[in-house]
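Sequences listed follow chains B, Y and Z, in order. For this note's numbering, count along the first sequence from 1 and bump the result up by 1. For this note's numbering, count along the second sequence from 1 and bump the result up by 2. Residue 29 in this note's numbering sits at position 46 of the third sequence, with consecutive numbering throughout.
Check before you lean on any hint, since a few could be wrong.
20 Å max Cα-Cα, derived DMTMM-like pairs, lysine to aspartate or glutamate [stated by the list, open to error]:
id: 1; chain 1: B; residue 1: Lys150; chain 2: Y; residue 2: Glu190
id: 2; chain 1: B; residue 1: Lys96; chain 2: Y; residue 2: Asp152
id: 3; chain 1: Y; residue 1: Lys232; chain 2: Y; residue 2: Asp121
id: 4; chain 1: Y; residue 1: Lys174; chain 2: B; residue 2: Asp83
id: 5; chain 1: Y; residue 1: Lys204; chain 2: B; residue 2: Glu152
id: 6; chain 1: B; residue 1: Lys155; chain 2: Y; residue 2: Glu192
id: 7; chain 1: Y; residue 1: Lys315; chain 2: B; residue 2: Asp83
id: 8; chain 1: B; residue 1: Lys65; chain 2: Y; residue 2: Glu190
id: 9; chain 1: B; residue 1: Lys75; chain 2: Y; residue 2: Asp152
id: 10; chain 1: Y; residue 1: Lys174; chain 2: B; residue 2: Glu130
Stretch by stretch, here's where chain Y covers chain B in the computed footprint (C-beta under 8 Å, at least three residues) [unchecked claim]:
id: 11; stretch: 71 to 79
id: 12; stretch: 100 to 107
id: 13; stretch: 222 to 231
Far from chain B by the CB rule (all over 12 Å, computed), these chain Y residues [unchecked claim]:
id: 14; residue: Ala17
id: 15; residue: Ala184
id: 16; residue: Ser302
Everything labelled a hint here was simulated from the structure, so no lab data went into it. By construction, the Cβ of each residue, glycine as well, lies at the ideal position given by its N, Cα and C atoms.
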Amino acid sequence: MYILKVNKLTKTFSGLTAVANINMELKPGELIGLIGPNGAGKTTVFNLLTGVYVPTAGTMFFTKDGKEIPLHGKKPHIICKDGLARTFQNIRLFKDLTVFDNVRIAMHKNVKYSIISSFFHLPSYFREEKQLYEDTMELLKIFRLDDKKDEYAKNLPYGDQRRLEIARALATEPSLLLLDEPAAGMNPAETRDLVELISWIRDRFNLTILLIEHDMHVVMNICERIYVLDHGMVIANGTPDEIKRNKQVIEAYLGEDIENA
Amino acid sequence: MTMILEKSWVKRLLALVLTFLIVQVLVSTNIINTYFQATIATICINIILGVSLNLITGFTGQFSLGHAGFMSIGAYTCAIITLRMSNTFGFLLGVALGAVFAAIVGFLVGLPTLRLRGDYLAIATLGMSEIIRIIFLNMEITNGAAGLSDIPRFVNWTWLYVFTVGTLLLIKNFLNSSHGRACIAIREDEIAAETMGINITKYKVISFMIGAFCAGIAGALYASYFYFLKPDLFGFLKSIDVLVIVVLGGLGSISGSVLAAILLALISTALQAFPELRMVFYALLLIIIMLFRPQGLMGSKELSIKYFKNLGKSLISKKGGA
Amino acid sequence: MEQFLQQVINGLSLGSIYALIALGYTMVYGIIKLINFAHGDVYMIGAYVGYFCMTTFKLGFLPSLLISMITCTVLGVLIEKIAYKPLRNSTRIAVLITAIGMSLFLEYTMMFFVKANVRTYPPMSGLLAQSHKLGDIVITTKQLLIFTVTIILMVLLQFIVKKTRIGKSMRAVALDRDAAQLMGINVDTTISFTFAVGSALAGAAGILVGVYYNSINPLMGVLPGLKAFVAAVFGGIGVIPGAMIGGYLIGIIEVLVSGYGNSMYRDAVVFAILIIILIVKPTGILGINTREKV
Chain B
2 MYILKVNKLT KTFSGLTAVA NINMELKPGE LIGLIGPNGA GKTTVFNLLT
52 GVYVPTAGTM FFTKDGKEIP LHGKKPHIIC KDGLARTFQN IRLFKDLTVF
102 DNVRIAMHKN VKYSIISSFF HLPSYFREEK QLYEDTMELL KIFRLDDKKD
152 EYAKNLPYGD QRRLEIARAL ATEPSLLLLD EPAAGMNPAE TRDLVELISW
202 IRDRFNLTIL LIEHDMHVVM NICERIYVLD HGMVIANGTP DEIKRNKQVI
252 EAYLGEDIEN A
Chain Y
3 MTMILEKSWV KRLLALVLTF LIVQVLVSTN IINTYFQATI ATICINIILG
53 VSLNLITGFT GQFSLGHAGF MSIGAYTCAI ITLRMSNTFG FLLGVALGAV
103 FAAIVGFLVG LPTLRLRGDY LAIATLGMSE IIRIIFLNME ITNGAAGLSD
153 IPRFVNWTWL YVFTVGTLLL IKNFLNSSHG RACIAIREDE IAAETMGINI
203 TKYKVISFMI GAFCAGIAGA LYASYFYFLK PDLFGFLKSI DVLVIVVLGG
253 LGSISGSVLA AILLALISTA LQAFPELRMV FYALLLIIIM LFRPQGLMGS
303 KELSIKYFKN LGKSLISKKG GA
Chain Z
-16 MEQFLQQVIN GLSLGSIYAL IALGYTMVYG IIKLINFAHG DVYMIGAYVG
34 YFCMTTFKLG FLPSLLISMI TCTVLGVLIE KIAYKPLRNS TRIAVLITAI
84 GMSLFLEYTM MFFVKANVRT YPPMSGLLAQ SHKLGDIVIT TKQLLIFTVT
134 IILMVLLQFI VKKTRIGKSM RAVALDRDAA QLMGINVDTT ISFTFAVGSA
184 LAGAAGILVG VYYNSINPLM GVLPGLKAFV AAVFGGIGVI PGAMIGGYLI
234 GIIEVLVSGY GNSMYRDAVV FAILIIILIV KPTGILGINT REKV
């Protein structure tokens, strides 16, 4: 029924509560927004979901191949193998590696040839490396980054870097994609392209997407449902229209013009 | 026939065999005398040490100041075995076991310490290397401070070449595989790498073990060529020696480490009579490189035809613009 | 029991030295997150300056102590300006490598000029040569001197850090360099001052060691430097009282291991403590946890 179920998720850091009693439920294929003022705890939620932080309390369950598996307590690379991928608020690309390598490395978890095989370049090495090459090129073509494949990631223009991060995340073949402020620093034209891209990848790759964003145009336009966080707690949850009218949300954003989004 | 010659791997194989033969002839006819033979041995051992430390520090980004410790394990193991089994089999067994023991210690040390941050890891590996040295200083089988002498010499140019080229190939192949790239991703951004599905603890430990394994080989070769060992040979200063090779060559460049290993072996031999000056020179080298050219000689690039083409292009364009 | 107390007293002398050196490590690490490998060698220079003051220039202990401390202060500030300041925005590894280079440079330049042989401090006369007995326990005046000088310096340090403006700047820059700069604090001066104070303490330790243990050599800073660093980590890196506590603890532990156990393994024990601390509680006894923002 659900792909992600978060129950009473809490994280404290030496006495400071970052998030408390978060409840969330995502159904497969949904495009959900996560908004809130700065410092509300949105990225903390992402860090908890991906295993970068260990929950102080609460549970997170993920549906994989029809089975419910717990995510809490697992290390990030295991959670990635389970089917969660993410992008980062302050782009974390492999800066000194090429566009090609950034995406190819993300496919590592599916590589089966052993380390011994890599030492001696056994047949399994050649076979799988060829496959890796083809899979990476395919993904780069989809994101229109194939002509830049040998560029160093740090030399890409900002918009391309954001796209590359999304491509890299998709290389891990996730079923749930977490996007952390993908439109940050983009102009209106780039933002429009991004909105199209997000809807498109959701359909093309059969994804569920959870999106943190400050740009209300983006959120109100593509999100089917929105969770609102403030001071570490969920203060509202509903459709864009419901959220626009919610008094608590308006107060939390004090002065922000959500109505005109 | 010409088609076979065009294949790049055939070209490379021929180059390797040719290099071996040329030096072998020079050695056999004593054009390269014993003094220079020792320099060549030092070069080969330095290359193995440099490239293996580069794997750990330059490619995987884990700052290890304890490489001498791994080298000493290989050296003592090989010495102890060949002193009791003075034949080629004993020698090869010594090298193999030396490398394996070094790798095992690499695993034992790496597992708890590789979660530490850069400078803390450096100190922890330094401490580990010192503990190993102190243990060897106090063991009976290693003869403590007096050390082991008259270790049977089995290392000749053939073995040096085989092991050096072998190590280079091993590490190069590893780095060109998905496993090697996983290690490089760790250097670039640990958190991103882990979130993209890479088990960072596993790969940190693996790169550490491979580095230790190769350092063990280097140690064994050292023991069997220079036939005298004592624990103080493998202290902090030896780890620094290897660090200078890696920093000078460029963290992240295999050809850089090879170049630097050759250069520093030559300089070392030239300054043999002035050990303090040699250290002052190394010290200044470290400081000056870090201040003015932190990427070392090669940065993270490799020597190749493409490298020289690009170098040529940039030089020409600079001249044209001037 | 008396043997134990005797060991503890000996340990307190050694611990004083470690504490003085450890303070320099911890202050510098706290403010720029650098393990100043060259710090142990500043201590060595202090010992040599003291030696030359007391032999060549025939000065008394106190003037030599002052000159030693001042020389080391200047040296420490110079090292920072030449080697560390240009790399302030580089990776931590880059600065660490430079620090290692600086350390080797000091050691081997010294070795080149004064040769590796050990020099001895002139024997102390009068009060300083005496020892006192408390039952079966012997305390020498030298030990009292070390302890007293150390305590005085540590109290002075605490005063500077807690009650003066520059001390406040030190604490601010250690917590958040950019914010401190935005508040109008001169970060460069503050960092230089930190190095100055730390080096002065190391210089004091150097001359005290010369007086107490009598012999000095160009490489004398290597092992004590490392152990003092272990002490700083043990007590809590970046925390000044931690360096003091860590120094004394390591000093006492080392003397006890040497006395009751195997003196050959006493160095190994100190390194083992380092590795255990780094694995179990890297922030040390008094340490505070900091987190990387993702």
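Note to self: B/Lys96 and Y/Asp152 were given as a pair; does the straight-line alpha-carbon distance stay at or below 20 Å?
What the structure shows: violated, 51 Å
Margin query: Would the hint linking Y/Lys174 and B/Asp83 be met if the CA-CA limit is 20 Å?
Written below: Status violated; Cα separation ~32 Å.
Next item on the list: Taking the shortest Cβ-to-Cβ distance between Y/Ser302 and chain B, state whether it exceeds 12 Å.
Entry: About 7 Å separates Y/Ser302 from the closest Cβ of chain B, which leaves it inside 12 Å; violated.
Next item on the list: Tell me if chain Y covers the stretch 71 to 79 of chain B under the three-residue, 8 Å CB rule, please?
Entry: This one holds; 3 residues, not fewer than the three required, reach chain Y with a Cβ under 8 Å.
Checklist line | 20 Å Cα cutoff - pair B/Lys150, Y/Glu190 | finding: holds, 18 Å
Notebook entry, point to check: Straight-line Cα separation of Y/Lys232 and Y/Asp121 no greater than 20 Å?
Noted result: Violated, because 29 Å separates the two Cα atoms, which is more than 20 Å.
Item checked: Restraint status (C-alpha distance of B/Lys75 to Y/Asp152 at most 20 Å) -> violated, 54 Å
Next item on the list: Test the statement that Y/Ala17 is away from the interface with chain B: the closest C-beta pair must be farther apart than 12 Å.
Entry: Correct as stated: the minimum Cβ-Cβ distance to chain B is 18 Å, above 12 Å.
Note to self: Just to make sure I understand the rule, a stretch counts as covered if three or more of its residues have a C-beta closer than 8 Å to a C-beta of the chain. Does the stretch 222 to 231 of chain B meet that for chain Y?
What the structure shows: With 0 residues close enough to chain Y, the hint is violated.
Check: Given the hinted pair Y/Lys315 and B/Asp83, is their alpha-carbon gap at most 20 Å?
Finding: The hint is violated at about 48 Å.
Item checked: Claimed coverage, the stretch 100 to 107 of chain B by chain Y - three or more beta carbons nearer than 8 Å -> holds (count 4)
Next item on the list: Just double-check Y/Ala184 for me: nearest Cβ-Cβ distance to chain B has to come out over 12 Å.
Entry: Non-interface label on Y/Ala184 violated, nearest chain B Cβ at 5 Å vs cutoff 12 Å.
Violation of the numbered hints given earlier is confined to hints 2, 3, 4, 5, 7, 8, 9, 13, 15, 16; the remaining hints are satisfied by the structure.
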